Structures are given as structure tokens and as C-alpha cells.
Amino acid sequence: DAMVIQNPRYQVTQFGKPVTLSCSQTLNHNVMYWYQQKSSQAPKLLFHYYDKDFNNEADTPDNFQSRRPNTSFCFLDIRSPGLGDAAMYLCATSASGTGGLEQFFGPGTRLTVL
Amino acid sequence: AQSVTQLGSHVSVSEGALVLLRCNYSSSVPPYLFWYVQYPNQGLQLLLKYTSAATLVKGINGFEAEFKKSETSFHLTKPSAHMSDAAEYFCAVSHTGGGNKLTFGTGTQLKVEL
Chain A
1 DAMVIQNPRY QVTQFGKPVT LSCSQTLNHN VMYWYQQKSS QAPKLLFHYY DKDFNNEADT
61 PDNFQSRRPN TSFCFLDIRS PGLGDAAMYL CATSASGTGG LEQFFGPGTR LTVL
Chain B
1 AQSVTQLGSH VSVSEGALVL LRCNYSSSVP PYLFWYVQYP NQGLQLLLKY TSAATLVKGI
61 NGFEAEFKKS ETSFHLTKPS AHMSDAAEYF CAVSHTGGGN KLTFGTGTQL KVEL
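Quick mapping for you: the protein sequence lines, in order, are chains A and B. Each residue of the first sequence is one higher than the one before, counting from 1 in the working numbering. Each residue of the second sequence is one higher than the one before, counting from 1 in the working numbering.
Warning: the hint list may mix true and false statements.
[Stated by the list, open to error] Here are the simulated DMTMM-like pairs of lysine to aspartate or glutamate, each with C-alpha atoms no more than 20 Å apart in a straight line:
#1 B/111 to B/64
#2 A/44 to B/64
#3 A/38 to B/88
#4 A/44 to A/85
#5 B/49 to B/66
#6 A/17 to A/57
[Stated by the list, open to error] Derived coverage of chain B by chain A (criterion: at least 3 residues anywhere in the stretch with Cβ under 8 Å from a Cβ of chain A; other residues may be distant):
#7 28-42
#8 45-57
#9 100-110
Rather than coming from a laboratory, the hints here were simulated on the basis of the structure. For clarity, every value in this text was computed on a predicted model and none was experimentally measured. A virtual CB, placed ideally from N, CA and C, is assigned to each residue, including glycine.
Build out the structure end to end from the sequences listed, making use of the hints.
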């Protein structure tokens with residue numbers, strides 16, 4: 001089945017220690033998104049890629065970076081995690097188009113910062 | 001700017017009772033609207049979407065939603081709740097600009113009681 005895969009499902013890091021979360025997809029979608037979701041809150045878009053074009057949300061901290069080496073893979077790098085960065089990180093994909101296209105979500109990576 | 005408002009952060013129903021989760025939208029153009037469900041420690045799964053083809057939209061797991069332009073609403077209903085419906089439900093609106101971005105409501109936690 002075509003899907004969005006996130007690894008690892010659970011990640012523990014130390015305060016200030018860089019961490020990378022990965023996402024891969026077999027849907028061959030042009031667009032990939034990274035969301036941050038804190039407990040009992042809605043997902044908050046951090047950035048998205050339209051093919052190789054990177055689009056950062058205005059309020060995404062510089063501490064968050066992303067790479068998309070090819071269509072299938074996308075990485076979220078947190079350069080110096082703080083306690084406030086503990087959250088579920090969701091990757092999603094969608095086809096390109098004029099709107100009304102659903103996003104397909106991965107299972108998420110839950111990040112704990114000690 | 002497009003937005004959605006979900007009334008009621010927590011809804012509790014008895015098993016077998018009607019489920020009604022409320023969503024109102026704000027948009028200056030005809031919107032694309034979505035309902036997603038999220039089970040604990042999982043990603044989001046699409047229940048249904050409105051893309052102007054039909055005002056009554058049927059989705060998975062017996063859910064449906066009706067788009068009412070006069071009321072700017074897109075409420076989610078299910079005639080008979082099942083224990084397995086207990087989850088967080090998010091209403092979302094799709095931006096008509098590039099990237100097919102979504103803006104989510106704050107979510108409604110559905111509890112199903114015996």
C-alpha cells in the first residue's frame with residue numbers, strides 16, 4: 001500500500017543536542033509538509049516543499065530546518081532542541097493542484113527532550 | 001484569510017447515540033473543507049472532504065457532513081456512535097494558494113460512553 005512512513009516513532013534527545021527526524025513516502029507526491037503538534041492542540045505547519053522549493057512559515061523558529069534530497073524523502077532537523085520543542089512531529093504529503101487535495105499523514109514521531 | 005472554528009473541545013455521547021461535531025468556516029472564496037480523525041499517538045486520517053461537487057458528503061466509518069453556505073458550517077455527523085469512534089476530530093480548510101496548505105481547527109475530543 002502507498003503510504004507515508006516516519007522514523008523513528010519515538011525519539012528522545014537531550015536539551016541542545018541536534019536531532020533529525022525522517023519521513024519517506026511511496027505516493028510519489030510533489031508536496032511534503034512538516035507539522036508540529038503539541039498535546040491537545042491542532043497541528044501547526046512548520047514548512048513545506050513543493051518539489052524542491054522550500055516554503056517556510058513566517059513563525060517557524062530558525063532552530064528548525066529541513067532537507068528534501070529527493071521526491072521520496074524529507075528530513076526535519078532541530079539544531080538545538082529546547083524543552084518547548086517536545087511534541088509530536090507529523091509529516092504529510094499531497095499531490096500538486098489547485099486545491100481540495102487531501103493530505104496524507106504519517107504516524108508521527110513523538111519527540112521527548114530531557 | 002481562511003479559518004475554521006470548532007465549537008466544543010470535548011463532546012461526550014452514549015454508544016448508539018447521534019454524533020454531532022460542529023465546524024464553522026470563514027472564507028472569502030468557496031472553501032475546500034476537510035474532516036480528519038486522529039487516534040492516540042497516530043497521524044491524521046481523512047474522514048471526508050468537501051470540494052463543491054455535492055453539499056452532503058459521505059465519508060468513511062459511517063460519517064457524513066453537510067456544507068451549508070448560508071450558515072458557513074460543515075458539521076460532522078454519525079447516526080450511531082461506536083466505542084471505536086472515540087478520538088480527536090479536526091476540521092480543516094484548504095488554502096486556495098499554492099502548496100495546498102491546510103488550516104486546522106482546534107479539534108474536538110469525542111468520548112463514547114457505554
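Evaluation of the provided hints:
At roughly 18 Å between alpha-carbon atoms, residue 111 of chain B and residue 64 of chain B fall within 20 Å of each other, so this suggested pair holds. Between residue 44 of chain A and residue 64 of chain B the alpha-carbon distance is near 26 Å, which puts this suggested pair outside the 20 Å criterion. Proposed proximity of residue 38 of chain A and residue 88 of chain B is supported: the alpha carbons are some 13 Å apart, at most 20 Å. Note on residue 44 of chain A and residue 85 of chain A: the hinted pairing holds, with a Cα-Cα distance of about 12 Å set against a maximum of 20 Å.
Restraint check for residue 49 of chain B and residue 66 of chain B: the C-alpha separation of about 10 Å stays at or below 20 Å, so the hint holds. The hinted pair formed by residue 17 of chain A and residue 57 of chain A fails the criterion: a straight-line CA distance of about 24 Å is larger than 20 Å. Judged by the Cβ-Cβ criterion of 8 Å, the stretch 28-42 of chain B is covered by chain A as claimed, because 5 of its residues qualify and three suffice. Coverage of the stretch 45-57 of chain B by chain A holds in this model, with 5 residues showing a Cβ closer than 8 Å to a Cβ of that chain against a need of three.
For the stretch 100-110 of chain B, the proposed coverage by chain A is satisfied: 8 residues have a C-beta within less than 8 Å of a C-beta in that chain, meeting the threshold of three.
Of the numbered hints given earlier, the model fails hints 2, 6; all others are met.
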